[in-house]
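K.L.:
Sequence:
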Amino acid sequence: KKKHRLAQQRKAMQKTKALIDYSIIEKMVEDIKRAGKICIFASGLSRYAALPFVKKMQYLNRLVLLSEDRDSSRLLAENLSENDVAIFLTLSAKTETIIESYHIALQKKAKISVITGLGQSLLSHESQTIYIYSKNRFKNDIDFTSRMPMEYIFEYIFDIYFKKKLAHRFKK
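Numbering (this note's numbering), first residue to last: 608 to 779.
Hints listed in this document are in silico derivations from the structure and should not be mistaken for laboratory results. Take every hint as true, because none was put in to throw you off.
Cross-link-like lysine-lysine pairs, in silico, DSSO-like; alpha carbons within 30 Å at most: (1) K624 to K701; (2) K662 to K622; (3) K662 to K624; (4) K772 to K715; (5) K663 to K770; (6) K771 to K640; (7) K715 to K771; (8) K772 to K716; (9) K634 to K644; (10) K634 to K771; (11) K770 to K644; (12) K772 to K640; (13) K772 to K634; (14) K771 to K662; (15) K618 to K770; (16) K622 to K771; (17) K663 to K624; (18) K663 to K634; (19) K771 to K716; (20) K622 to K640; (21) K624 to K644; (22) K772 to K662; (23) K772 to K663; (24) K618 to K662; (25) K662 to K640; (26) K622 to K663; (27) K701 to K618; (28) K716 to K662; (29) K716 to K634.
Using the sequences and the accompanying hints, generate a full structural model.
P.N.:
The structure is reproduced here in C-alpha coordinates:
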(Lines of atoms letter the chains of each structure in order from A; the text may use other names.)
(Lines give C-alpha, C1' and ligand atoms only; values in the text may rest on other atoms or scores of the structure.)
Protein backbone atom coordinates (compact mmCIF):
# COMPACT_ATOMS: atom_id res chain seq x y z
CA LYS A 608 0.00 0.00 0.00
CA LYS A 609 2.85 2.41 0.84
CA LYS A 610 4.60 1.66 -2.46
CA HIS A 611 1.34 2.35 -4.30
CA ARG A 612 0.95 5.73 -2.54
CA LEU A 613 4.55 6.67 -3.33
CA ALA A 614 4.00 5.70 -6.96
CA GLN A 615 0.93 7.95 -7.05
CA GLN A 616 2.93 10.86 -5.61
CA ARG A 617 5.72 10.31 -8.12
CA LYS A 618 3.17 10.23 -10.94
CA ALA A 619 1.58 13.48 -9.72
CA MET A 620 4.98 15.16 -9.59
CA GLN A 621 5.89 13.96 -13.09
CA LYS A 622 2.59 15.20 -14.47
CA THR A 623 3.01 18.52 -12.68
CA LYS A 624 6.52 18.95 -14.13
CA ALA A 625 5.12 18.28 -17.61
CA LEU A 626 2.46 20.97 -17.12
CA ILE A 627 4.84 23.73 -16.04
CA ASP A 628 5.23 26.67 -18.38
CA TYR A 629 8.73 27.77 -17.38
CA SER A 630 8.28 31.20 -18.98
CA ILE A 631 5.49 31.87 -16.47
CA ILE A 632 7.77 30.84 -13.59
CA GLU A 633 10.45 33.21 -14.91
CA LYS A 634 7.91 36.04 -15.11
CA MET A 635 6.72 35.28 -11.57
CA VAL A 636 10.29 35.47 -10.31
CA GLU A 637 10.84 38.81 -12.05
CA ASP A 638 7.62 40.15 -10.51
CA ILE A 639 8.69 38.89 -7.07
CA LYS A 640 12.12 40.53 -7.41
CA ARG A 641 10.49 43.93 -8.07
CA ALA A 642 7.56 43.57 -5.66
CA GLY A 643 7.03 45.81 -2.68
CA LYS A 644 5.26 42.98 -0.94
CA ILE A 645 4.15 39.47 -1.82
CA CYS A 646 0.76 38.28 -0.61
CA ILE A 647 -0.20 34.63 -0.81
CA PHE A 648 -3.86 33.71 -0.69
CA ALA A 649 -4.80 30.17 0.26
CA SER A 650 -7.19 28.32 2.48
CA GLY A 651 -7.24 24.99 4.27
CA LEU A 652 -4.36 22.62 3.63
CA SER A 653 -3.12 24.70 0.69
CA ARG A 654 -1.78 27.26 3.18
CA TYR A 655 0.78 24.71 4.38
CA ALA A 656 2.22 24.33 0.88
CA ALA A 657 3.29 27.98 0.99
CA LEU A 658 4.81 28.10 4.49
CA PRO A 659 8.41 27.07 3.61
CA PHE A 660 8.47 29.64 0.78
CA VAL A 661 7.10 32.37 3.08
CA LYS A 662 9.74 31.65 5.75
CA LYS A 663 12.66 31.48 3.29
CA MET A 664 11.65 34.78 1.70
CA GLN A 665 11.25 36.38 5.12
CA TYR A 666 14.76 35.17 6.04
CA LEU A 667 15.92 37.19 3.02
CA ASN A 668 14.11 40.29 4.38
CA ARG A 669 11.27 40.13 1.88
CA LEU A 670 7.80 41.14 2.99
CA VAL A 671 5.70 38.04 2.37
CA LEU A 672 2.25 37.70 3.91
CA LEU A 673 0.07 34.59 3.96
CA SER A 674 -3.67 34.88 4.43
CA GLU A 675 -5.04 33.10 7.49
CA ASP A 676 -8.79 33.38 7.08
CA ARG A 677 -11.52 35.22 5.20
CA ASP A 678 -10.94 38.53 6.98
CA SER A 679 -7.17 38.52 6.55
CA SER A 680 -7.58 37.59 2.88
CA ARG A 681 -9.83 40.55 2.30
CA LEU A 682 -7.53 42.88 4.26
CA LEU A 683 -4.45 41.73 2.35
CA ALA A 684 -6.23 42.12 -0.98
CA GLU A 685 -7.57 45.59 -0.12
CA ASN A 686 -4.03 46.74 0.70
CA LEU A 687 -2.44 45.56 -2.54
CA SER A 688 -1.05 48.01 -5.08
CA GLU A 689 0.34 47.78 -8.59
CA ASN A 690 3.80 47.33 -7.04
CA ASP A 691 2.76 44.12 -5.25
CA VAL A 692 2.46 40.46 -6.16
CA ALA A 693 -0.57 38.35 -5.29
CA ILE A 694 -0.24 34.57 -5.54
CA PHE A 695 -3.38 32.47 -5.28
CA LEU A 696 -3.20 28.80 -4.31
CA THR A 697 -6.26 26.72 -4.96
CA LEU A 698 -6.88 23.21 -6.18
CA SER A 699 -10.42 23.88 -7.36
CA ALA A 700 -10.58 27.67 -7.74
CA LYS A 701 -14.04 27.47 -6.23
CA THR A 702 -13.32 28.77 -2.73
CA GLU A 703 -15.40 31.90 -2.22
CA THR A 704 -12.75 33.71 -0.17
CA ILE A 705 -10.09 33.07 -2.82
CA ILE A 706 -12.36 34.24 -5.64
CA GLU A 707 -13.32 37.42 -3.75
CA SER A 708 -9.68 38.25 -2.95
CA TYR A 709 -8.69 37.56 -6.55
CA HIS A 710 -11.20 40.08 -7.88
CA ILE A 711 -10.05 42.70 -5.39
CA ALA A 712 -6.41 42.08 -6.44
CA LEU A 713 -7.44 42.61 -10.08
CA GLN A 714 -9.02 45.96 -9.16
CA LYS A 715 -5.85 46.97 -7.30
CA LYS A 716 -3.79 46.09 -10.39
CA ALA A 717 -1.40 43.82 -8.49
CA LYS A 718 0.71 41.33 -10.45
CA ILE A 719 -1.32 38.14 -10.12
CA SER A 720 -0.26 34.52 -10.35
CA VAL A 721 -2.38 31.45 -9.73
CA ILE A 722 -1.24 27.96 -8.81
CA THR A 723 -4.21 25.68 -9.33
CA GLY A 724 -5.32 22.18 -10.13
CA LEU A 725 -5.63 21.07 -13.70
CA GLY A 726 -9.12 21.65 -15.01
CA GLN A 727 -11.55 24.51 -15.07
CA SER A 728 -10.25 27.42 -13.06
CA LEU A 729 -12.30 30.54 -12.59
CA LEU A 730 -9.10 32.45 -11.84
CA SER A 731 -6.90 31.59 -14.79
CA HIS A 732 -8.23 34.01 -17.41
CA GLU A 733 -6.59 37.26 -16.30
CA SER A 734 -3.46 35.98 -14.60
CA GLN A 735 -0.29 33.97 -14.97
CA THR A 736 -1.36 30.43 -14.20
CA ILE A 737 0.68 27.40 -13.18
CA TYR A 738 -1.30 24.18 -13.36
CA ILE A 739 -0.55 21.25 -11.10
CA TYR A 740 -1.70 17.67 -11.24
CA SER A 741 -3.29 16.41 -8.08
CA LYS A 742 -5.66 13.52 -7.59
CA ASN A 743 -8.52 14.42 -5.28
CA ARG A 744 -8.76 12.40 -2.09
CA PHE A 745 -11.79 12.87 0.12
CA LYS A 746 -13.12 10.87 3.03
CA ASN A 747 -16.34 11.88 4.78
CA ASP A 748 -16.21 15.23 2.92
CA ILE A 749 -12.76 15.96 4.36
CA ASP A 750 -10.09 16.93 1.83
CA PHE A 751 -6.94 14.81 2.03
CA THR A 752 -5.62 15.77 -1.41
CA SER A 753 -1.84 16.09 -1.54
CA ARG A 754 -0.41 19.59 -1.87
CA MET A 755 3.04 18.27 -2.71
CA PRO A 756 2.89 19.59 -6.30
CA MET A 757 2.18 23.10 -4.91
CA GLU A 758 5.17 22.79 -2.59
CA TYR A 759 7.30 21.74 -5.54
CA ILE A 760 6.27 24.84 -7.51
CA PHE A 761 7.16 27.11 -4.60
CA GLU A 762 10.49 25.35 -4.12
CA TYR A 763 11.26 25.86 -7.81
CA ILE A 764 10.26 29.55 -7.68
CA PHE A 765 12.45 30.10 -4.65
CA ASP A 766 15.39 28.29 -6.26
CA ILE A 767 15.26 30.52 -9.35
CA TYR A 768 14.75 33.65 -7.24
CA PHE A 769 17.72 32.76 -5.05
CA LYS A 770 19.99 32.01 -8.01
CA LYS A 771 19.07 35.16 -9.90
CA LYS A 772 18.94 37.59 -7.04
CA LEU A 773 21.16 36.35 -4.26
CA ALA A 774 23.49 33.44 -5.05
CA HIS A 775 26.45 35.74 -5.72
CA ARG A 776 26.23 37.03 -2.13
CA PHE A 777 26.70 33.57 -0.64
CA LYS A 778 29.64 32.32 -2.72
CA LYS A 779 32.85 31.76 -0.78
